[in-house]
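Protein chains in written order, with the working numbering: chain A, 530 to 878; chain B, 530 to 878; chain C, 530 to 878; chain D, 530 to 878.
Keep in mind the hints are simulated off the structure, nothing from the lab. Treat the hints loosely; a few may be bogus.
Where chains are identical, the list cannot tell them apart; a pair therefore holds if satisfied intra-copy or between any two copies.
Stated by the list, open to error - Lysine to aspartate or glutamate pairs mimicking DMTMM-like chemistry, simulated, CA-CA at most 25 Å apart:
| no. | residue 1 | residue 2 |
| --- | --- | --- |
| 1 | K733 | E587 |
| 2 | K830 | E735 |
| 3 | K830 | D583 |
| 4 | K878 | E531 |
| 5 | K614 | D567 |
| 6 | K614 | E653 |
| 7 | K830 | D718 |
| 8 | K614 | D818 |
| 9 | K733 | D816 |
| 10 | K830 | E587 |
| 11 | K733 | D818 |
| 12 | K733 | E777 |
| 13 | K614 | E735 |
| 14 | K878 | E653 |
| 15 | K830 | D553 |
| 16 | K614 | D728 |
Please read all numbers here as calculations on a predicted model, not as lab measurements.
There are 4 protein chains.
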Amino acid sequence: MERIPVAIIAATGSVGQRFVQLLDGHPWFEVVALTGSDGRVGQSYAETHWVLTDPMPEYARNLPVVPSTPEAANAPIVFSALPSKYATEIEANFARAGVGVFTNAGAYRRDPTVPILVPEVNAEQLALLPTQRKEKGWPGFIITNPNCTSMGMTVALKALDDAFGVRRAFSVSLQAISGAGYPGVASLDILDNVIPFIDGEEEKVEWEPRKMIGKVVDGTLQLANFQLSVHTNRVAVSDGHTVCLSVEFDREPSPAEAVEVLADYQAPESARDLPFTPRPVIFVHPDQDRPQPRLDRMTGKGMTTVVGRVRPDPLFHLKMVVLSHNTIRGAAGGSIYNAEVCVREGLIK
Amino acid sequence: MERIPVAIIAATGSVGQRFVQLLDGHPWFEVVALTGSDGRVGQSYAETHWVLTDPMPEYARNLPVVPSTPEAANAPIVFSALPSKYATEIEANFARAGVGVFTNAGAYRRDPTVPILVPEVNAEQLALLPTQRKEKGWPGFIITNPNCTSMGMTVALKALDDAFGVRRAFSVSLQAISGAGYPGVASLDILDNVIPFIDGEEEKVEWEPRKMIGKVVDGTLQLANFQLSVHTNRVAVSDGHTVCLSVEFDREPSPAEAVEVLADYQAPESARDLPFTPRPVIFVHPDQDRPQPRLDRMTGKGMTTVVGRVRPDPLFHLKMVVLSHNTIRGAAGGSIYNAEVCVREGLIK
Amino acid sequence: MERIPVAIIAATGSVGQRFVQLLDGHPWFEVVALTGSDGRVGQSYAETHWVLTDPMPEYARNLPVVPSTPEAANAPIVFSALPSKYATEIEANFARAGVGVFTNAGAYRRDPTVPILVPEVNAEQLALLPTQRKEKGWPGFIITNPNCTSMGMTVALKALDDAFGVRRAFSVSLQAISGAGYPGVASLDILDNVIPFIDGEEEKVEWEPRKMIGKVVDGTLQLANFQLSVHTNRVAVSDGHTVCLSVEFDREPSPAEAVEVLADYQAPESARDLPFTPRPVIFVHPDQDRPQPRLDRMTGKGMTTVVGRVRPDPLFHLKMVVLSHNTIRGAAGGSIYNAEVCVREGLIK
Amino acid sequence: MERIPVAIIAATGSVGQRFVQLLDGHPWFEVVALTGSDGRVGQSYAETHWVLTDPMPEYARNLPVVPSTPEAANAPIVFSALPSKYATEIEANFARAGVGVFTNAGAYRRDPTVPILVPEVNAEQLALLPTQRKEKGWPGFIITNPNCTSMGMTVALKALDDAFGVRRAFSVSLQAISGAGYPGVASLDILDNVIPFIDGEEEKVEWEPRKMIGKVVDGTLQLANFQLSVHTNRVAVSDGHTVCLSVEFDREPSPAEAVEVLADYQAPESARDLPFTPRPVIFVHPDQDRPQPRLDRMTGKGMTTVVGRVRPDPLFHLKMVVLSHNTIRGAAGGSIYNAEVCVREGLIK
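Bound conformation, chain A alone (with noise of 0.2 Å):
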């Protein structure tokens, strides 16, 4: 099988060197084009400072670092790294080229009609592109990730939510550095201390959630019913952002009830067996102290969400932790799954 050409948009930051590492030996994605900004254009990719502690992939480094154009990058599918500010105008260059963006920026999360895709919660969601085509009038479409601190904990709200109902949960996350890019947190801030705020990000995790557990009738996306409330913290932690997670149910479940809903929950039959299914979706790890980032966050390649501590609350019904690989499942990876979907349900041209 002939592998689809992509390009990987903003390939020199630390998110698109993520790209650059993951796409390394992709089955169906063959990476013909890296981009960059103008400074960086014409260098070889092999000049990029990488931050990453596999080595730079051999593709990678003897492709030159292109324009963020359609024309440059010429592939039918582009993976964007782009800072939000830059993201709103390129990736909507790319879709109105006929492009299919997958997205890590933040910028057209808000958007009615672009998906927050991840697979194994709402892959129906893709209902809304021919919505978004229409109201923008793109033969392409931009799909975005969520915020990597929404991501594990809508995972687990997901399947709960199918088996329970969600009424409203408390969510205080504990962040790992590498999801502030690179250079990002100072060692200076970070070394023997906690910083307890991450400009915009509660907001984030507040209303995401409920968009991607939310539904789409008729082409509109309806949000979930539920209510979250959410801190924010950043600690010396270098990948896997942690999150502690009180919920109310519509249907109280005992916490054996709840742990069999997670470890049995699947994704949707479009958005399993593909080549960055988590496998298994969530893992239920069963000792007392787990999950713990250090040694859990690369469980299912990094595409897992790992919950554990599932036990009464005083206040609502549940409390429990999550725990979901931050760069990996929480950016990279999971718009590489996304993209999977959108292969395998014909989106792409």
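Place chains B, C and D on chain A using the hints.
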């Protein structure tokens, strides 16, 4: 003025060392004895493996380690850093011998006749002592500290409860490694990691604030009426416990009203102007990314509760962040402050 | 091909766990027994407090913990993760029973008949085994690993010694916490800190490389002639020992000559193309700020020695930085490679 | 006594903030002006993003940020925290205007007429000032600090050189992140990591101690005769540079002799009993695992050089470990001490 002789029980461990340090040069108290376990008795205290960042005070270097008995300690006030499993018996021995015991151990916190004393919160719970003496038949008495995580949030909740009536609160802690003693947390367990579990901690923190903010009616303590849900986490911070708090009130305050109440909160008359009185009792940090443990834990010489980020909560009424120094305010410094109140109240012979 | 049965002695500790992990799916060896201390015997290995970041392999979960005796282990090859104080006697028991013992313990490193084997450096020191068998009267044998800090620098020194003759070297280590086992270093001792002392370590690292690079003449080992001065430090790194090295040679090379020699260094014939042969033996990193433990420790699946910053030294001839994964190359992986060489050389019955 | 007006040049950066902090309440100096870059001029200093763990002193909150000119600063003494690239010109402007400039910048360290002043080492190098004034035609003068890594080791080497004659030394540093300023080192670069490279640092540290321990003969500075080889590393420590040192002498001392010489070392007469004189100049820590940055950096209010582990070296004569607080002793505190010496010596009008 002649200083009152005091002894430190279990002076060689990490909390004992904090007592040794904080009592150096205390205007009212003179350390006359340091006790230790059988294996240490007879050694010079100078041989202790000292783990604090300031050097061992001179006065302590020259004291011998003596047994943990009232005879060897020979002082009307003792500060106890005993592990809970030894505290039940040994602390009772001291109280039975007429000594005022100020302890950091958890052994007696659940005893309805033993106050969990935080002077700026509940100095009036000293009214329990006559009941304690009568029921136990002790000429002396025992007064405990709260758990170090309960400490800061209880001070904040008390100020808010007085003004607006606390109904319920969610609380998620990010706790320093010093809270686990020495050697305590293995470095391999916390470097680049979070441990979302501390054995027995959540139960304590869900209950102790209700006792502390309770009322003594006719010599009997009545728990405060609010309910708490607590998640506890260990993070790579040396000192200073950070707590994310969402609170629901009887009467909803604006963030500005809550800030005013917190900033203006005063200790009861009997707890003011003592050597270890926190100055201020509560500091409300104006910056949006504070408090942070590394930057704010030493506020008020480590005795002040620091609050920040008071803001609306979508589910309850207000969110905020509370920081308290766990080994000063939440351990040794707290006990010393307790003893000062008792001296002023004439409870020490 | 049928796999050779092997046992892991002291399989429940942190080094034992690395053996369990690295032998999972080994093409030649099949783990048939896991031994532990008396208190663990009879338990399932699944009950072990697992400290590695990858999950416990399935094969191990189903094995019982058996006593550390040749009868219970019942395998011609054993990998020993025993603490040195137990190793002297227990490892001799195995050798006496005809078993080939590959050990990470230091007990026999000073024994002139026991090779400290690093195959790419001194596979020919297997010539000591006839002497060992004769002197000890053992039908089996013992082969040790070096200290984990000696490991990487010895590989680099060997390559350079062959080409230019090493005369003397200064070496300062920055060692990972995993080198102290589990629980090992207390977190309070290493957060925001350096410990410039590791008990007994400097003596080992000043001597072992001389034995490893020594020659076997008529069945007797002659130490290499160079002299070393070593400072050892513990730093807040999980895995990977970094060594700063200044070397004086018989014949001064340019940095470029040294780089070429290092990069071209090959293991002796008998140590090539084995499952655990490092690929490459030495990687010379081209960047000016490398090697770094977090980025480079997994080079060659953790078996490769990474060298960087080869540059002139104002006192000796060359300065450089050497990195080696202390629990893979410097412990379990090293022993497995040693066993592979012995199988190929026909030393296992 | 009236205090001398002083200004801090580039007061808003991390070194500038240390000056602001350490000059709070200084008995001789009163800060009358804080300068900053053009973008900051006119703002209140209270708007500075403060990065130190103690709060911003009150006096500074009320000062405006003024331009870095002699007119705006209007003080006979200025402390400069300028980056080196701006220091060359701006510091000369001040000296030309008759001001005594005490700088942390490296711009003039190589100038043969500018002393790298460490009062306890080389107060007599003030004898260079007449030469400086003559050659430059400045009514004022410039005096620099050494690089923060040179600092502690030079104090130790000076004491040893006086007694035994230093011939050569190997030095490997483990440097704190605060040495790189703010934001400085990215947290992703140093968490669970070591960076074995600091740009330009090794060259400085190999040369500066020779200048500092040199002699002024007829107004000309002669470098000390010894040779140094230096490796520099960045580690995950907030403050405090640790240096492993191996030293060869003209006359070999025993470790005990060296300890005695170090512990007894006194500053020259003119540098004693000043407000910032380190007390003691050198502290020789008796424990085998010290000095450690977290435990020992604040010795003598951060001004003392702490030495430990003095022991025989197999290649040279002695090994030891030296610790110095890089932002107090090695930066702002050092400059203040320098200014105090100049005031006492009558060099300030």
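Quick rundown of the hints versus the structure:
1. K733 - E587: Classified as neither: same-chain Cα gap 37 Å, cross-chain 38 Å, threshold 25 Å.
2. K830 - E735: neither (27 Å within a copy, 37 Å between copies)
3. K830 - D583: both (14 Å within a copy, 11 Å between copies)
4. K878 - E531: Within one copy only: 14 Å inside a chain, 50 Å across chains, cut-off 25 Å.
5. K614 - D567: Classified as within: same-chain Cα gap 16 Å, cross-chain 27 Å, threshold 25 Å.
6. K614 - E653: neither (28 Å within a copy, 57 Å between copies)
7. K830 - D718: Between copies only: 21 Å across, 30 Å inside.
8. K614 - D818: between (40 Å within a copy, 23 Å between copies)
9. K733 - D816: between (31 Å within a copy, 21 Å between copies)
10. K830 - E587: Close inside one copy (21 Å) and across copies (17 Å); limit 25 Å.
11. K733 - D818: Answer is between; shortest inter-copy Cα gap is 17 Å, intra-copy 28 Å.
12. K733 - E777: both (20 Å within a copy, 22 Å between copies)
13. K614 - E735: The answer is within: 21 Å in one copy meets 25 Å, while 44 Å across copies does not.
14. K878 - E653: Intra 19 Å, inter 62 Å, cutoff 25 Å: intra-copy only.
15. K830 - D553: both (14 Å within a copy, 18 Å between copies)
16. K614 - D728: Answer is within; shortest intra-copy Cα gap is 15 Å, inter-copy 33 Å.
The structure shown violates the earlier hints numbered 1, 2, 6.
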